[in-house]
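Visitor: Here is how the chains run, residue by residue.
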Amino acid sequence: MAQDHDEGADHVHSDVPEPIALRVRALQSLLVDKGVIEQATIDELVDRIEHRVGPHAGAAVVARGWIDDEFRVRLLRDGVEAVESLGVGDWGRGTRLVALENTAEVHNVVVCTLCSCYPWKLLGPPPVWYKSAAYRSRVVIDPRSVLAEFGTTVADNVEVRVWDSNSEVRYVVIPERPEGTEGFSVEQLAGLVTRNAMIGVEMARLPDSSL
Amino acid sequence: MNGVHDLGGMQGFGPIQAEPEATEPVFHAEWEKTVWGLMLALSHKRLWSLDRFRRMIEMQRPVDYLQHSYYENWLAALERLVVDAGLLDESTPVAEAWTPVYASSAQPRYETGDRVRAVNRHPVAHTRSPRYVRGRRGVIIRHCAVEPLPELAAENICAPQHVYCVRFEAAELWGTAARDALYLELFEEYLEPMS
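From first to last, the protein sequence lines stand for chains A and B. Numbering-wise (numbering that gives the first Met the number 0), the first sequence opens with residue 0 and increments by one. Numbering-wise (numbering that gives the first Met the number 0), the second sequence opens with residue 0 and increments by one.
Quick caveat, the hints were computed from the structure, so don't treat them as lab data. Check the hints yourself; a few may be wrong.
[Said to hold, decoys possible] One-sided excerpt, in silico: chain A residues whose CB lies under 8 Å from chain B: (1) 45; (2) 145; (3) 183.
[Stated by the list, open to error] Just a sample of chain B residues kept apart from chain A, beta carbon distances all over 10 Å, derived: (4) 33; (5) 34; (6) 59; (7) 62; (8) 108.
[Claimed, not checked] Some chain A residues well away from chain B (every beta-carbon gap over 12 Å; in silico): (9) 24; (10) 63; (11) 84; (12) 129.
Think of the CB as a built atom: it goes at the ideal place given N, C-alpha and C, for glycine as much as any other residue.
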């Protein structure tokens, strides 16, 4: 490293926010200063999405459905009612949640071709790939090639159903329960349920596989 | 609008670049968190409908839409909406402008098992009937809900209408031999009966 390196100048340079970050801060400041919204509300909403919902919440719902027939029936009948009964709340009016059960005959996979609708009130924000043009364009016309890219092979005699989230319904896939999990606890089962399995691009993990 | 956002069935976007699930962060930058919080805090104020927000995203230049990240598109829409609603004007009060209703006195036109066709229509404004189903034949799986029609919701006008889950065979949509199927929810006026 050069002895005359100006660390102060370098430090200032690395602290300059990206233009996009400045735009966000400008909008935020204007809205908070004018009293349209409160900073505490923004913080609360970010905390909720970062920490209180997410794939772990969805995995708990799926695992409960695997071991509790009565709960699975409720989940399939009214997703919002079922997940709210487990404390995943705040759905309000307007958004519906539909659970799609994978079976030996049917494999379900979810997309939003027109924007990026996703059951974030259960699973947190969608992964970047879910919002990509590559996924949104191709999964409807060639779902099996998309599944193959995720390492998922669906047998020819199994029907692939692609669910395009184009209205105010959000879908969560209940993957098939892996074999060899008899006697597992809800917590152990939840550990096998990945986010990608609940979108439908992967199967649930096998009990002896490591992530 | 037959915009670039209506991606279903388009080709040439290449492989899906998926980050490993175990290591993908919830947000990729601090500013993305703020955009998330702003979007939700503002939507709780009911200053506009979700379809109006979507419409603002769709009204960007196509090249911008495709180049932007997801949260950049959100920010672009929020900036338009905030100005459009006059929220930054000293004299404009913050007023609720979107009051959704989820009921209709009209009887549902379709029932489970009815054969329908997605209307071949090309509205220049916002719609939630994607191009790839228009003109195609499907079957009503069930009546799902009564919800505000997106075309008018995009103008903050609430016009509740029946919504149906419709199944389209992959063979009907894409001419393929696959036994696969597409499921969408479509508003009543997006559909016409098959004789």
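Visitor: Now tell me, hint by hint, if it's right for this structure.
Guide: Now the hints, each set against the structure:
1. 45: Result: holds, 5 Å to nearest chain B Cβ.
2. 145: Holds - the Cβ of residue 145(A) comes within 8 Å of chain B, reaching about 7 Å at its closest.
3. 183: violated, 21 Å
4. 33: violated, 5 Å
5. 34: At about 6 Å from chain A, residue 34(B) fails to clear the 10 Å cut-off, so the statement is violated.
6. 59: holds, 13 Å
7. 62: holds, 12 Å
8. 108: Fine: 17 Å to the nearest Cβ keeps residue 108(B) off the interface.
9. 24: Non-interface label fails for residue 24(A): nearest chain B Cβ at 7 Å, not farther than 12 Å.
10. 63: holds, 21 Å
11. 84: The assertion about residue 84(A) holds, with a minimum of 21 Å to chain B.
12. 129: Label violated. Min Cβ-Cβ 9 Å, cutoff 12 Å.
Hint check: violations occur at hints 3, 4, 5, 9 and 12; the rest are consistent with the structure.
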